[in-house]
Amino acid sequence: FSEAQVARAREIMAELGIESLAGRRFGHLSTGEQRRFLLGRALVHDTGAGACILCHTTPDNPLPVAGNVGPPLAGVGARMNAGQMRLRLVDSTRINRASIMPAYYRVDGFSHVASNYAGKPLLSAQQVEDMIAYLLTLR
Numbered sequence: 667f668s669e670a671q672v673a674r675a676r677e678i679m680a681e682l683g684i685e686s687l688a689g690r691r692f693g694h695l696s697t698g699e700q701r702r703f704l705l706g707r708a709l710v711h712d713t714g715a716g717a718c719i720l721c722h723t724t725p726d727n728p729l730p731v732a733g734n735v736g737p738p739l740a741g742v743g744a745r746m747n748a749g750q751m752r753l754r755l756v757d758s759t760r761i762n763r764a765s766i767m768p769a770y771y772r773v774d775g776f777s778h779v780a781s782n783y784a785g786k787p788l789l790s791a792q793q794v795e796d797m798i799a800y801l802l803t804l805r
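Start counting the sequence shown at 667; every next residue gets the next number (our numbering).
Please keep in mind that the hints were generated in silico from the structure rather than gathered at the bench. Hints should not be assumed to be uniformly reliable.
As the list claims (entries may be wrong) - FRET-style restraints, in silico, Cβ to Cβ:
1. F776 <-> M679: 31 to 39 angstroms
2. V756 <-> L720: 15 to 23 angstroms
3. M679 <-> N762: 18 to 26 angstroms
4. C721 <-> K786: 20 to 28 angstroms
Stated by the list, open to error - Derived lysine to aspartate or glutamate pairs resembling DMTMM-like cross-links, with alpha carbons at most 25 angstroms apart:
5. K786 <-> D757
6. K786 <-> D774
7. K786 <-> D712
Since the structure is predicted, the reported quantities are computational estimates derived from the model, not experimental observations. Beta carbons: idealized from backbone N, C-alpha and C, even for Gly.
Can you make the complete structure from the sequences, with help from the hints?
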């Protein structure tokens, strides 16, 4: 790896709060540490759970489908910090009342919600954090 790549990797690890793992190989990370990034990536590209890929493009999209309703996610990690991402994922209407992006963690203020979904977020708090871990790497 180049010095720039190593420096960038260290920056991302610091943002994720895992800089103490810098000297460890990916295969030596705990299952939980590996899963945080991988689950986030899977949620972003899952057309059912996170479904981000239906409206956004990503630089590493493994699927033959990608939307163009929302902005591209390439570079989102350079444009936003974790808190800004979290606010958008939890409830983007707090930033833009006209947003059509799903509120992944908001549970109130909705109408016409099926009874089996009432009071339940679309994603768990951990899933939101996993998505943020992945999105922060998109520089």
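*Mind checking the hinted window 18 to 26 angstroms against the Cβ distance between M679 and N762?*
violated (31 angstroms)
*Hinted pair K786 and D774, Cα distance within 25 angstroms*: Given pair K786, D774 holds - Cα atoms ~9 angstroms apart, limit 25 angstroms.
*Look at the Cβ atoms of F776 and M679 and judge whether their distance stays inside 31 to 39 angstroms.*
holds (37 angstroms)
*Between K786 and D712, is the straight-line Cα distance small enough, at 25 angstroms or below?*
With a Cα-Cα distance of about 19 angstroms, the restraint between K786 and D712 holds, given a limit of 25 angstroms.
_Verdict for C721, K786 (Cβ pair) under range 20 to 28 angstroms_ = Holds: the Cβ-Cβ distance is about 22 angstroms, inside 20 to 28 angstroms.
*Taking the beta carbons of V756 and L720, is their distance inside 15 to 23 angstroms?*
19 angstroms Cβ-Cβ, so the 15 to 23 angstroms window holds.
*Straight-line Cα separation of K786 and D757 no greater than 25 angstroms?*
OK: K786 and D757 at ~14 angstroms, within 25 angstroms.
The structure does not agree with numbered hint 3 stated previously, though it agrees with all others.
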